[in-house]
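Line order of the protein sequences matches chains A and B.
Following the numbering used here, the numbering of the first sequence begins with 1 at its first residue and continues without gaps.
Following the numbering used here, the numbering of the second sequence begins with 1 at its first residue and continues without gaps.
One thing to keep in mind: the hints can contain errors.
As the list claims (entries may be wrong) - Below, a list of computed lysine to aspartate or glutamate pairs in the EDC-like style, where the Cα atoms sit at most 20 Å apart: (1) A:LYS38 with A:ASP191; (2) A:LYS38 with B:ASP90; (3) A:LYS38 with B:GLU81.
No lab work stands behind these hints, which were simulated from the structure alone.
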Amino acid sequence: MIDALLLQIGYNATLVTLGSAALGLAAGATGTFLFLRKRSLVADAVSHATLPGLALAFMLMVALGGDGRNLAGLMFGSALSAWVGLLSVSWLTRKTRLAEDAAIGAVLSVFFGFGIVLLTVVQTLSSGRQAGLESFLLGSTAGMLFSDAMLIAAGGLTVLASALALRRPLLLVAFDPGYAETQGINVQRMDLAIMTLVMAITVVGLKVVGLILIVALLIIPAATARFWSNRADRVVLLAGLFGGLSGYVGAAISATAPGLPTGPIIVLVGFAFFIASLLLSPARGILSAVVRHRAYQRHVHLRQGLLSLAQNQPVYEAMTRCLLRRAGLVRADGVPTAKGHSHAAAALRDETRWQALRSSAHLSELSARDDGLTLILDVLTPDQIAELDRRITSEQRAI
Amino acid sequence: MGAEFVILSLAPLLIGIFAAVACALPGNFLLLRRQSLIGDAISHVVLPGIVVAFLLTGQIAAWPMMLGAAGAALVAVVLIESIRRLGRVDVGAAMGVVFTSMFAAGVLLLEQSDTSSVHLDVEHALYGNLESLIWLDATGWSSLLDPVALQGLPPELPRMALTLLAVACFTWIFWRPLKLTTFDEGFARTLGIPVQLISLGLVVTAAIAAVAAFDAVGSIIVIAMFICPPATARMMTNRLSAQIWWSVAFAALSAILGYVLAGYGPLWFGATDAVSAAGMIATVSGLMLAVVATIGPHRTA
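Starting from the given sequences, assemble the full structure and let the hints guide the process.
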């Protein structure tokens, strides 16, 4: 495993690993624009729509007396049919009442179905000779040629460069199409540009990851990166990083043993990054949300417990009792300690001041900041508090 | 239309029609609720489900596999919802993350386990083997009345018929709440209709149809039939009941035409081998969609 990660297990494995890393890098960065535009699943339609073109290109090349398995030719054919699929999605969405999700599903299933029909035709045409087009469904890196790897790496890097060159208008459109329009950006053309890049990635990735799973390389790194940053340009960078890492690690793992198909392993490595980020991200992760929630809960319970103590009411609630005891504010039998008395008095004073604030003529709008936890000392100046205290004592005298 | 038709084509044709209609019925509501891609997601995630079922039971039997597929569909729905809510990821991306990962896991499991002795592979999962569901015990039309020959029907046929019946019953019994929750969720809620429960019921029904159809005909037909016939029907009419009937007609027509074209079409062109029936059924439904999208009476809102 370590050997594989250090590119020490053979020429072909090294080739595949580097090619996959380049592909993952480009796919991750490109997919981010799609992800931010909330159109991730269009990529699914595009990738499935490559199949008819793939089969037609094969048939054409065989009919012209060629090999039929020339990767560049197959890529060209699949790009053409992906393009038709893409146009069909946008045509159905714009010209008919169908929503985009229905258009995506229709194009995806029909193009794929037609592709399967053509595949069976190819199988009967090349009877006895294995066309091997099925390997494009799930990808296959066995017997990858140096020229194939170069084609994949160069294609990936070209897409990456174009995506980075267009990143400003693309991001603007992704976040706020209306505003982008006022800035003189042609939204439709930018959408088309994103889709063209997605299509290019799909075609480039067909050989390694396969057309069913390539969409994962576009979506998962972007969704992962989004957990770690709120800044769009960083999300693009991080997504490229996660994508590249998934490609690199996935391909390396897959090279260590038979029965570990490259495409699925790359996807699963990417998914592992995603789950780890979902759990651990400091700003949006589940773990930090749980920690935040627990802290908040403790805060509320302590405050309510202290208020009860200040009014000499017994505390029954188990969690509150436990928290008070652990903070050294009450003894085991529930009687407040000296520290508990002083904290309770402070809490009660704070609460009384908040109540006075609410009835105060010129400060009452500040009472909107009373969430039951914020100390009034953090909201008001000492002068204002002194004024509140004067009012409180005069009211108490009146009673 | 003789004995040969009954033996070779009757069962697959009926299975194809039943599967297509069973998927198209819930597809209508999913389409109107903009949840069409649920069918896509379900049909991807059933692969790990059936592989796990195979690994646990060690055999290719219908019920364990359907249970496994249903379990996988449930896991997927829970995962998608939790990623969407806990991670605040938009629903399309959450679906994309989950179904590709689960599909990848299914492929990996399949590669890792020894399935060479049984007929279980990714291609089969994708486009089924409709053509192989022949009725060997039949001798002609009279076999339809022969109890012994009927015993030899492919088991997918009664299973698919039962599924269609269940889906149709669900649609018929819950017609009013389904319609109300689909078009005006807020209003339905004020009437005291359990909106969440109806939505869940719809997804479960769709999953049942998808899993049963998947077992018989592969996932291509499932996705195509969830979306294409309802989408085509949507552009024919503004009334929901009419839309349902149109979708049933389109689904059945796709199944029949697709099967016939796949089986006999190549012969007309002088070829000797049939092409994939599942793929052809999807293609035909797509052609119908394209035609209606160009000339349908209600193609725009």
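**Message:** Let me make sure I understand: some of the numbered hints might not hold for this structure. Which ones are they, in numerical order?
**Reply:** none
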